[in-house]
Amino acid sequence: MNSLLTIRRIVVAGLLGAITILLGATRAGFIPVPTPLGDATIMHIPVIIGGILDGWLVGAILGLFFGIFSFIHATIPMFKDPLVVFLPRILIGITTALAYRGLKRSNEVVAVIVATVVGTLTNTVGVLGIGVLRGYLPLPAAVGFGVAAAIPETILAAIIVVAVVLAWRGVAARRRTADL
Amino acid sequence: MESFEVFRHVTIGQYLPGESLVHRLDPRAKITVVLLLIAAVTFSTSYTAHLALLALTLGLIALANLPVRYIVSGVKPALPFILLLALMQLFVYGEAAASAVRGTAVLWQWGVLRVTAGSLRLTLVSLARLLELLLLVSLLTNATPTTSLTYGIESMLRPFARLGLPAHELSLIGTIALRFVPVLGEQFETILKAQASRGANLRLGGRLQFIRSAQQMVVLLVPLFLNALLRAEDLILAMEARCYGGGRGRSHYVRLRLRAPDYVAMALALVFTAAVLAARNALP
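Those protein sequences? They're chains F and A, same order as listed. Using our numbering, read the first sequence as starting at 1 and increasing by one per residue. Using our numbering, read the second sequence as starting at 1001 and increasing by one per residue.
Hints are computed from structural coordinates only; laboratory data are not their basis. Beta carbons are placed, not taken as given, at the ideal position from N, Cα and C, and that holds for glycine. Some hints could be false.
Part of the chain A face toward chain F, derived, beta carbon under 7 Å [as the list claims (entries may be wrong)]:
1) Ile1173
2) Leu1221
3) Glu1240
4) Tyr1244
Pulled out of the complex, with its shape left as it was, chain F reads as follows (with noise of 0.2 Å):
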């Protein structure tokens, strides 16, 4: 058995990977928002998700099953770039991570905003970011694409990921006395 991908690090990675599969073939993953690229994307959240519980690994996978996705459903040349589809998305699971396990022991709930606000920016600046250093955009119009994208996106995303986190928490809890 692999030491880093454990029986629970790969049935959980599985199952968040079919979500983030449903969010993106039916569309469920875009919400309408106030700016110009039109709809926020909630397809980073099971990355972040998986990030927080279960670690860097499986938010590196899940970043790499949206990376996929994005890839597939692309249709602007600039998401046909194979480094500006895959790299941020991978990041966005390792960072997201790092984020939460620095912050957890001071306060969960602080720490699980924190590492959604980390996860989603990693996100934005690392897409527009590449896209600015391989030439699809030039820098002031990338900074307000992504100050428009960032905001919204944080806010989704940061309830979204607190309300699902702390859900799972307390059922974890309480199954773990149940079985007992």
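Assemble chain A onto chain F, guided by the hints.
Quick look at chain A alone, frame taken from chain F:
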């Protein structure tokens, strides 16, 4: 009730048993063919290439005896978004598309709305691409049982295992994900109905009310995630109870062997993709 049945339309990942030539191909050959064709679909922007690809994918679906109507029904819930996106691309991306895709000629203009040959191409090609990708992925997942798909992926990743890549584990993650898409889809539908029957207003808020949208998503997403995580716990317990030990030293009851039709299929796909990609800027 129609509005609650969105997720029954998830057709990707449902195996439809059959005896066709496509069903009988080696999963590795099928994966290779589909990946090659996805590359052709993704990187070509010419009308001719997409007509050829559309004809080819439809032909393959017919060869596999899969019901096109069933596969296409998977897009139904996404249709409004797809059309909205298409209209946006057609009218708003005129300038950007003209430089990115060939076609600077302005075909129609009214105020800021402008249709260029480039944006028309972008729109039509995107729609064709969506349909082709849907058909290709369906071809793979509807005509291959999930287990043989896993064995196929695992055996294709095995050369990388020497570099430390956990091929077996990664393919297992992919299988679990694909396997649970329809299950969680049905679950999501149940949650939608349950919340609606309690009087929840599930229509997303307008663009300026995105916090309200988030609150509405919470009542749907929290149960969905909890359900998925509970299923994960059960599956973990089941696998541990059966002493699941990963891929090392594991043998298979059915051994995969590439036969003549598999080589022919892969060779044809390679030639086709190479031709389409080589001619992608030359064709109209």
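How the hints compare with the structure:
1. Using the Cβ-Cβ criterion of 7 Å, the hint placing isoleucine 1173 (chain A) at the interface with chain F is satisfied: the shortest such distance is roughly 5 Å.
2. Among the interface hints, the one on leucine 1221 (chain A) holds; its C-beta lies about 5 Å from the nearest C-beta in chain F, closer than the 7 Å criterion.
3. At about 6 Å, the closest approach between the beta carbon of glutamate 1240 (chain A) and any beta carbon in chain F falls short of 7 Å, and the interface hint on this residue holds.
4. Hint status for tyrosine 1244 (chain A) relative to chain F: holds, with the closest Cβ pair at about 6 Å, below 7 Å.
Against the hints set out earlier in the document, no violation occurs for any number.
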